Amino acid sequence: MPKFEYAPAPESTSVVDLETSYGLFINGEFVDGHGESFKSISPSSEEVLAEVSEATDADVDAAVKAARTAYTRVWSRMSGADRGKYLYRIARILQERAREFAVLESLDNGKPIKESRDVDIPLAAAHFFYNAGWADKLEYASLGANPRPHGVVGQVIPWNFPLLMLSWKIAPALATGNTVVLKPAETTPLTALLFAEVCQQADLPPGVVNIVTGAGATGQAIVDHPGIDKLAFTGSTGVGKMIARSIAGTRKKATLELGGKAANIVFDDAPIDQAVEGIVNGIFFNQGHVCCAGSRLLVQESVADEVTRRLKRRIGTLRVGDPLDKNTDIGAINSRAQLDRIIALTEAGESEGAERWDNGCELPSSGFWFRPTVFTGVTQTHRIAQEEIFGPVLSVLTFRTPQEAVAKANNTPYGLSAGIWTEKGSRILWMADQLKAGVVWANTFNKFDPTSPFGGYKESGYGREGGRHGLEPYVRTGA
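In terms of UniProt numbering, the sequence shown has 183 at position 183, counting the first letter as 1, and numbering is strictly consecutive.
Because the hints were derived from the structure by calculation, they are not lab data. As the structure is a prediction and not an experimental result, all values here were calculated from the model. By construction, the Cβ of each residue, glycine as well, lies at the ideal position given by its N, Cα and C atoms. Hints may contain errors.
[Unchecked claim] What follows is a list of derived Cβ distance ranges for each label pair:
1) Glu29 to Arg99: 33 to 39 Å
2) Arg73 to Gly425: 50 to 56 Å
3) Glu96 to Ala442: 23 to 29 Å
4) Gly133 to Arg73: 49 to 55 Å
[To be verified] List time: in silico SDA-like cross-link candidates among lysine to any residue, alpha-carbon distance up to 20 Å:
5) Lys447 to Asp57
6) Lys114 to Thr317
7) Lys326 to Gly316
8) Lys408 to Lys447
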């Protein structure tokens with residue numbers, strides 16, 4: 001396949017007006033935090049973007065009190081129709097400021113601008129639009145008798161989809177009448193703080209949304225606070241288990257969306273070129289920083305060599321580099337710590353006997369980068385087939401029968417997602433019924449919609465986000 005040279009097509013950063021430092025957003029205002037500040041850096045250049053306040057226990061307490069006051073005095077008393085108007089307003093402002101959000105997301109996170117521009121920001125706005133429509137129709141959502149909000153919701157989100165995860169959490173919480181204290185990841189706080197400006201622009205009542213920044217200690221303060229009625233967390237399985245232990249025996253409800261090790265299963269009757277595109281999208285989208293990434297490729301033996309050959313040919317065309325270049329396919333790894341983990345696990349794959357291949361592309365001299373990598377000769381006992389790498393690394397395994405494919409796909413502590421590639425509808429339905437995964441894609445991968453629920457089984461967590469099902473965790477029912 002000929003290699004095409006693309007002239008640089010950088011997106012301008014002039015649309016983003018970054019402050020040198022940011023405080024916490026509590027009770028409708030930006031205030032100074034009482035902890036030490038920390039730096040948010042661009043993973044593509046290691047440049048410091050801004051100094052951000054770290055919230056202490058006292059700051060979290062102030063945010064929870066502001067949320068409680070807003071809940072009891074304003075938000076819970078407001079009609080669903082009026083709450084919906086605020087959500088519609090937020091959605092429209094996100095659309096109006098979409099380019100600003102997209103550029104800032106790529107700067108702070110490292111993902112390619114074409115992904116933040118075409119996926120993250122439009123989907124974030126769509127979640128607010130969708131949940132706004134439900135705000136005055138909760139009694140018709142099959143949530144149970146007399147659905148009512150919990151009260152104050154604590155939310156902790158990850159660094160891989162900062163604004164999109166914020167929208168997954170905040171939109172249903174507000175639509176159902178709850179108020180929010182949210183903590184973004186310490187490596188990607190900037191779009192959440194820009195969203196705070198959107199809340200001000202939308203004239204959202206003070207205290208309905210509060211954003212506190214910091215690392216693990218700040219998140220733990222939210223989890224432990226007695227004024228929190230419900231928790232929503234997206235992140236690693238290890239932290240999810242800690243949260244589950246922390247709230248055991250309390251009245252707090254929780255939804256946990258955790259890790260994954262998804263199998264992307266290709267049968268011998270699949271359209272191979274289409275499947276290859278799905279495989280590439282499944283593992284290299286967002287640098288593989290996706291909990292539902294198709295990081296295990298299961299290929300039927302009779303077509304394994306052909307699929308692998310075409311896959312390597314396709315990966316050879318992927319462009320790794322500046323996230324703000326519109327031609328970039330794979331951006332920067334989010335942090336030095338995450339890059340070190342990816343390197344350690346790929347070295348383990350080699351030492352355990354798997355065969356490593358990457359596309360050999362040139363990497364930038366500064367920032368955190370990793371080439372798209374494929375391992376063949378992988379067995380189920382290899383660490384790269386069992387542990388979540390959370391990077392652009394694909395493990396290839398083979399199978400002979402559908403039953404063997406199911407057994408290998410389910411041989412994981414996770415159960416978040418899976419993909420099936422075949423022309424037989426009956427096989428798709430049979431496989432979907434057998435796979436222990438919360439989301440199963442057929443002849444596609446990594447497709448999301450606000451109307452469709454998302455979540456997992458086993459160590460991938462519990463609860464659903466998105467769709468009518470995503471409203472349920474935010475309400476209590478009965479007399």
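Output the numbers, in ascending order, of every earlier hint that fails for this structure.
-> 1, 3, 4, 5 and 8
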